[in-house]
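Asks: Residue strings, one per chain:
There are 4 protein chains.
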Amino acid sequence: MPAFEREILVRFRHCDAAGWVFYPRYFEMISDLVEDWLEEGLAAGAPGLFHRRKILTPSVHFTVDFLKPTHYGERLTFNLWAVKVGRTSCELRIEASRQRELRMRVRQVLVFISARTARATAIPARLIERMRRFSVDAQSASPKTRKAPSGAKE
Amino acid sequence: MPAFEREILVRFRHCDAAGWVFYPRYFEMISDLVEDWLEEGLAAGAPGLFHRRKILTPSVHFTVDFLKPTHYGERLTFNLWAVKVGRTSCELRIEASRQRELRMRVRQVLVFISARTARATAIPARLIERMRRFSVDAQSASPKTRKAPSGAKE
Amino acid sequence: MPAFEREILVRFRHCDAAGWVFYPRYFEMISDLVEDWLEEGLAAGAPGLFHRRKILTPSVHFTVDFLKPTHYGERLTFNLWAVKVGRTSCELRIEASRQRELRMRVRQVLVFISARTARATAIPARLIERMRRFSVDAQSASPKTRKAPSGAKE
Amino acid sequence: MPAFEREILVRFRHCDAAGWVFYPRYFEMISDLVEDWLEEGLAAGAPGLFHRRKILTPSVHFTVDFLKPTHYGERLTFNLWAVKVGRTSCELRIEASRQRELRMRVRQVLVFISARTARATAIPARLIERMRRFSVDAQSASPKTRKAPSGAKE
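Protein chains in written order, with the working numbering: chain C, 15 to 168; chain L, 15 to 168; chain S, 15 to 168; chain D, 15 to 168.
Honestly, the hints are just simulated from the structure, not real lab data.
This structure is a prediction, so every number in the text was calculated from the model and none was measured.
Accuracy of the hints is not assured; some may be wrong.
No distinction is drawn between identical chains; accordingly, a pair holds when it is met within one copy or between any pair of copies.
Claimed, not checked - Okay, derived cross-link-like pairs now, DSS-like style, lysine-lysine, Cα gap no bigger than 30 Å in a straight line: (1) K68 to K98; (2) K82 to K98; (3) K68 to K82.
Work out the full structure: start from the sequences and follow the hints.
Replies: Here's what the structure looks like:
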């Protein structure tokens with residue numbers, strides 16, 4: 015199954031005093047990626063979900079491995095798969111690579127909640143349908159697309 | 015064993031359009047906390063490590079659970095323990111709570127590297143010694159200090 | 015007249031690939047400073063203004079001079095004066111120094127608006143009263159406290 | 015003379031608890047814009063300047079007016095002109111609009127410095143040449159491209 019793919023240029027603002035991406039900035043990139051996935055991949059409209067449907071998608075879990083540092087000026091290719099899609103939450107797998115070298119591997123769990131009640135709300139049916147286009151069997155995700163790095167911790 | 019403890023006020027700049035802490039800002043808080051731990055808890059001097067010894071401490075792993083949202087104006091109490099201390103890396107456990115309600119639970123792995131060679135370097139012996147003051151048996155950390163939330167994923 | 019004074023430690027997260035404070039991070043420091051002034055200097059409660067009174071204080075103007083770079087690990091002393099206090103807006107003068115060396119000089123204009131209507135709203139009378147404690151004649155602010163740098167643009 | 019133009023989508027990460035762009039995030043957008051101008055407009059390579067020539071371009075001055083708030087999901091059109099080009103510094107004018115409504119107006123002064131010596135260094139001749147493509151007489155900049163907002167402060 016295809017991933018949702020976006021390229022992100024590493025900006026001066028992403029980098030720390032070592033000239034490498036500072037980890038909170040990686041999470042800003044992830045936020046942008048998921049927003050684009052909702053907006054363009056699922057045609058849900060991340061601003062639309064928020065503005066019109068008063069749905070928020072806070073993250074409740076992250077497992078992240080930073081495998082290699084990334085420098086100012088490099089272009090990272092992000093891939094996103096929907097590993098599990100539940101009634102009110104979904105689990106994403108995200109990988110960021112530069113020229114096929116894996117730099118970061120992420121497991122993220124999002125929950126759909128109502129901004130009005132702050133309680134979990136069912137993911138709209140048409141979104142669940144579209145999420146399936148990006149789903150993948152968790153175990154096979156990485157091997158299919160690229161060699162798993164040796165010494166991976168998962 | 016005592017944790018390294020710091021209070022962090024949730025600022026306007028930490029919060030998103032829902033009025034809750036935006037997750038990349040939590041990682042900025044973690045960065046500040048670890049800096050204070052190196053500087054004050056270990057008397058290592060985070061700027062000192064960087065400026066004088068050319069040692070960097072990049073993060074290579076995070077496991078994070080966000081258990082409850084946190085709002086603008088709340089004060090979070092952060093606790094940090096050194097769960098494992100190796101030759102060139104250490105594993106931290108961090109918890110952020112408000113009035114004993116756990117909001118975030120983190121496992122973070124730091125590696126000590128030389129800024130000159132970008133390779134792992136031994137943690138200075140005096141730091142290893144001081145890290146032990148904040149060490150704790152991983153399994154017992156959370157139960158000792160507060161009830162583990164049900165449905166915890168670890 | 016006394017300034018509202020706060021010390022801010024330059025964190026790793028503030029610094030760019032040159033090891034200097036990155037200018038968007040200076041504006042984050044200014045945001046924290048103004049928040050503390052509202053909260054502690056004016057006893058207004060910046061979260062209180064926002065949460066209880068639904069008042070926001072967006073900035074509509076900045077004039078900023080960065081006079082010298084500031085490095086990771088340095089402590090900056092921020093001073094804030096209320097140069098002009100109007101019915102719905104106020105003009106602040108902010109200076110950040112390290113050991114009496116001026117690093118940044120700021121003129122900032124804030125407007126008080128209602129979060130409900132997004133229109134300007136009168137600054138509460140008790141706040142105007144308290145702002146006067148931090149007021150200063152604009153022309154004399156800098157000369158009184160320290161020598162104006164040569165080549166200043168204002 | 016034509017401006018250097020880029021569109022920037024207002025992201026969730028740019029917005030504060032009021033749902034509007036938080037001003038430090040505007041400065042992050044400005045940083046990206048200037049980086050793109052150096053890289054694409056001047057073919058200088060902002061990473062290239064930094065990595066290969068060890069040239070940094072810190073900002074020494076900003077005058078900024080925020081004329082209207084901008085919301086999550088809106089697209090801003092940024093225009094940049096080189097108002098003055100000196101031997102070691104240049105003055106930029108930047109405007110951000112949504113659908114021809116001016117939201118922010120910026121005057122920014124950049125200095126070219128050597129990362130090795132931290133002193134001002136001559137702007138490379140080929141860059142000065144290319145900057146002229148984006149130059150404009152300061153007074154005429156805004157009127158030519160769009161109506162000046164009433165009540166403008168400059």
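Asks: Now look at each hint and say whether the structure bears it out.
Replies: How the hints compare with the structure:
1. K68 to K98: within (23 Å within a copy, 40 Å between copies)
2. K82 to K98: both (27 Å within a copy, 22 Å between copies)
3. K68 to K82: between (38 Å within a copy, 19 Å between copies)
Every hint from the earlier list agrees with this structure, and none is contradicted.
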